Each structure stands twice: as C-alpha cells, then as structure tokens.
Amino acid sequence: MFGLVVLIVFILLGTVGPLLVGDPYYMDLSLMGRPPSLGHILGTTGFGEDVFAQLCNAVGNSLLVGLVAGGLGTLIAVFVGAVGPYRGGLADRVSNLVTNLALVLPLIPLFIIIAAAVRGLNLVLIGVILAVTSWPWAARSIRSQVLTLKEREFVNLARMSGEGNVRIVLTEILPNMLAYIMMVFVILTGTAILAESALSMIGVSTTRTITLGYMLYWAQHETIVPFWWNIWWWFIPPGIVLTVVLTAFFVIHAGLDEVFNPKLRRI
Amino acid sequence: MKQNSDSQVNGENSRPPTVIRPSFSHLLSRMKRLLLSSYAKFVARKAAFYLVVIFFSVTLVFVVIESMPGDPVAVMIASGNPPPGADLDALADIMREYFGLDKPIQERFVIYLMNFFSGNLGQSYHFYPVFASTIILYYLPYTLSLAIPVLFVSFVVGNWIGARAAYLKGRLNETSYFALVFCNQLPPFWLGLVIIFLYVVLFRSIPPIGAATQGVIPSLSVSYFYDLLAHWILPFLTLLVVYVGAWATGMRSMVTHEKDSGYVRYGEQLGFKKGKLMSYTQRNAILPQFTGLNMVFSGIIGQTLVIEIVFGWPGLGLLLYNAVYNYDYPLIFGCFLVIIIIIVVGNFLIDILYGFIDPRIRTGHG
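Protein chains in written order, with the working numbering: chain A, 1 to 267; chain B, 1001 to 1366.
It is possible that some hints are incorrect.
[Stated by the list, open to error] Going by beta-carbon spacing under 10 Å, a handful of chain A positions derived as facing chain B: (1) Val16; (2) Asn100; (3) Ala115; (4) Gly213.
[To be verified] Computed far set for chain B versus chain A, every beta-carbon distance over 12 Å: (5) Ile1094; (6) Asp1102; (7) Val1130; (8) Arg1164; (9) Cys1183.
Because the hints were derived from the structure by calculation, they are not lab data.
These figures come from a predicted structure and were not determined experimentally.
Glycine residues also receive a C-beta, built at the ideal position from the N, C-alpha and C atoms.
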C-alpha cells in the first residue's frame, strides 16, 4: 500500500508536474547555483536552471524508460520462458542455453559498448536496449513457474479436451501466473530505472533528455564552482527520489509476493 | 571419527574386529569414488558451459565491431593529417592490408579468435604503441581489490545482520526491515556522491579521489600503503552498505520463514537453548543464500565499474569509460572481454563451491 501511494505520487509528479513548472532547460544566468529559496523550492543549478522543474521532468522520463524496458523485458521473458517447456526438445535446450548465457553477460559494460556503437540514442531506444539485456533471470523464473503449472490437473484436462499448445499457454497457464508476471514486471522496471540512471550518470546514455541520472551527471560535471559538492541541493534530490521510487517498487513487489504465494519468499 | 568409535567399542568388549567392518569401509570408499566422479563430472559440465559463454561473448564483440558504422581506415586517415597531394586511395589500401582488413570476414574472425586466445587484444589507439593487454593488466588489480572484499565482507556481515534482524520483535522488526530494504535500494553511484559530500562536510578537506594523493610515489612503504587504504575505504564502504542491505534482506526473510518450521518448534518443546536453535535456523537458511552469490557477484562487478568512475579509482570501469571517450576500440573490447572473463571465472568458482557444499546440485537436478 505504502509503495503504491508513493508510486502514484511520483507518477503524478512526473506527468502533471512538468505542465505546472516552467521550462526545465531555461537558464537564468543571474541565478547560478542559488540555494533553496521561496522562488525556487530546490534552488537552482550551476547553469541557473530550476532544480525542481528539472526533477519533475526527470521523474517522468525515468519512469518512462522503466516502463518501456520493464514491459518489453517482461514480454521477452514470458516468451522465452514459456516456449521452452511447451515446445520441448531442441527449442527447450536452445532457450535454456541462451538464457543461461545471457545471465552471465554483464549488463553495464555491455551497455557502455552498445552506447559507443549506436548513434542518436533516445529514451525509447535506451528502454529497448535495457529490455534486451535484462530479461534472462526473469525468463528463468517464469520457466520454472510454467513447468510447475504444466503438471496441474486443469492443464491436463485442457490437453485432454484437445486444446492446442499455444491455446493452453495463453488461456490456461498465463492467466494463472498473472500475479507472478506482474512481479517480474515490477522488478524489471525498477532495475531498468536504476540501470538507466547509472548509465546516464556516467554519461554514456542520452545527453539531451532530462532523467535522474542526467541531473546527477551535470551536477558532477558543471564548472561554475570549483567543487561540485558545494551545490548539494543539485545532486541530493534526484538520488533521494530514485531511492524512494526503487523502495516503492520493492515494497510493491514484496506485497504482491505475499498475496500471490506465501511460500515463495525470494526471487 | 569412525575409527575412534570402533576402537572404543573394541576396547570395551575386547573382541576381534567384527566381520562387518571391511565391507563397510569398502562401501565407504565406493561411495567416495562415486561422489568424486559425480563431482568431477559436475565441474567438467560447468567448465564446458563457461567455455561456451566465453566463446559466445568473444563472437558477440566481433559482431559489434563489424556492425559498427564507419570505416576504421577512413577514420585513421582523416585523423592522421596526410601530406597534400598524397594518394589517399593507395594509402587506404596499404593500411587495409597492414591491419588485415582486406581479407574476407570469416578469415578475419579466425585470426581474431586466435589472437584472443593467445592473449593479444591489439594495440591501443590512444596510447598507441602500447598493447591493450598491458594497460588492462595494470588496471585489473584495482577492480579486483575493490570487488572481491566487498563480496565476502558483505556476505558475512549481511547474513549476520539479517539473521539477527529476524529475531527482533514488534515495531523494531518493521523498522529494521525498512532500513535494510532502503539500504539495498540505495543507488550505489549516488551513495558515493553523498559519502564524498559527507566527507567534505565532516572533515572540511578535499576527499581522497583517485588511488593516491598527488606526489605520493607508489612503493612498498607503509606510508604508501596507508595512502592507498585511505583512497580505497570510501568506495569500499559505498558498495558495502548496498550489498549488506541486499544480503540482510534475503537472510531475514529466510530466517523468518525457517523459524516457524517444525524442527524449531520441536526443539523449543524439548527446551533447547535459544542460541542453539538460532544457529540451527541460520545454518539451514544460509544455503539458499549461496545460490544468490552468482548473480550478486555479477552485480558487484557492474556496480564497481560505475563506482570507480565516481571515485576516480583507476580500475577497469574508469579505463573503459575513458576508452569510450577516446574511441579507443581495442581497449574497449579488451576491457569488456576481461570483465566477462572475471565474471565467468568468479561464477565458475562459486558454482564449484556450491557443488561442494550442497551435494544435491551435482546430480544434475539443480
């Protein structure tokens, strides 16, 4: 519940907020690096931009990346996880091998290389790349879920009444693990937001759209004051927002976990 | 142990050794051999899998290089400031021949593989005559010195805290749970910034960024060691907080579950001491934690790379970052391959360790 409330607040902040606050890119050069005041709730950046306005846009964009990556990643994971147990034989072996292979590949260096190779990154593209690189563990756990559900009686009944494999998966198995798929989606979204922030903070992600990591990147790389830590109101808020959002995702996941399956304690 | 008890029995009854003994030891040795062979098979299977992983990732890197936009020769010529009136096409042909780019793709792939497995990662563009492997070998110890202690210390400390947290009562329990989850969800790269900020606020001095203070010459002296330690401790603490949170959250839920199980209740009825029961539950709860080691190890390596960039710690992450900025392709791919090899070797060792601890995994049901 707590998680859901927090998440809704941030979704509102990310969608409605940008309409209320002004242009986040507007630089007021007479107000460079001012501490929080009444006019600017969270102060201004080293370039004279309003931190709160940037924060609202950043939350929205970060959630968007998470949503794209989480949704697409879940789709891939469901497909790879369900195709193995149901096609059997070679398809099962191949999907299993690919999953285990991809599980070992390190996400962050891989992304740094892809970012070096791909020109013209935008938010959706980053979401897609994150989805393509982050599905393996989800596919593996969905596979084990499908394997256990496959042995249940109602699935046997469906098979005996002559339903095809695809139909069984779509109408019998997937609806029964919807809560589990939701959990996978929540976790993938959280990790995607974290990964995107990490990557844009080290400057290999998009450098034009404001995300939480983008704010951290510029907070560290501006040159107005000799040391970046002097403008603390610039880099503290994005991190707190990021932590709270991630905690909200985790709490939602834990709540779903309890509702769905009290015995399944850990992913 | 067995011999000891046998001799006791013999001593008390003063009888010759029973007939059953040789057959029992025979059985034991047979079991041992079976176990060893299954263990060897398990290790061989894992080794084969990880070899496939390495081959796959090397191939992946080749594919990425090949599909990258732009002609490397054109880039090199454009950046090389050729003399006026030079025959650029002829120059390009010579360079193609020199770098072996005129050969067909499959032949280049074989050459690339052979180079890789003989440890030749090519020459760096940015530090031109130096080989990429030389540079990477210089940076590698820094990454390992950060990642490996974090893995072990966070595993021990996190599990210890998690096991204690499960026994807290009422409000304290919930608070501790939220605190642990919060620690776990803290983004390490931001925590690094906050820790630097706190250092500045508390000590009012320039925080130790990099691997050594300016002017300190690396040597085998005590002062250099202290200087290195002072630079190492901040990134270490950053990663430690996050991963202690991760282990403790998992351990807490495992112990909470385990302490409701039948054998603990039975032990309580029998009047066992609480400490004894706690040690039993912990021993049962820690086994699933070992399965998490694999994924956490990959995660720690990834986060270490980012943390290195935040703290300027000269590890592979900083090297990779700088290489990307300099478009230094041999170095980029060298770094990536070395990181994959670290992860593969780490996973392999953890798998072997796990097979050693939990014999069920070796039979192939795991």
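A quick look at each hint next to the structure:
1. Restraint check, Val16(A) versus chain B: the minimum CB separation of about 25 Å is more than 10 Å; hint violated.
2. Residue-level restraint check for Asn100(A) holds (minimum Cβ-Cβ distance to chain B is 7 Å; threshold 10 Å).
3. For the restraint placing Ala115(A) at the interface with chain B, the shortest Cβ-Cβ distance is roughly 8 Å, inside the 10 Å limit, so the hint holds.
4. Interface hint status for Gly213(A): upheld, as the beta-carbon distance to the closest one in chain B is roughly 8 Å, under 10 Å.
5. Distance to chain A confirms Ile1094(B) as a non-interface residue, since its nearest Cβ pair spans about 27 Å, more than 12 Å.
6. Once the 12 Å rule is applied to beta carbons, Asp1102(B) is consistent with being away from chain A; the minimum gap is 23 Å.
7. With a cut of 12 Å on Cβ distances, Val1130(B) stays outside the contact zone with chain A, its closest approach being about 20 Å.
8. Taking the minimum C-beta to C-beta distance to chain A, about 18 Å, the non-interface status of Arg1164(B) holds against the 12 Å cut.
9. Remark: the non-interface label on Cys1183(B) conflicts with the geometry, its nearest Cβ contact in chain A lying 10 Å away (cut-off 12 Å).
The structure fails to meet hints 1, 9 from the earlier list, while all remaining hints are met.
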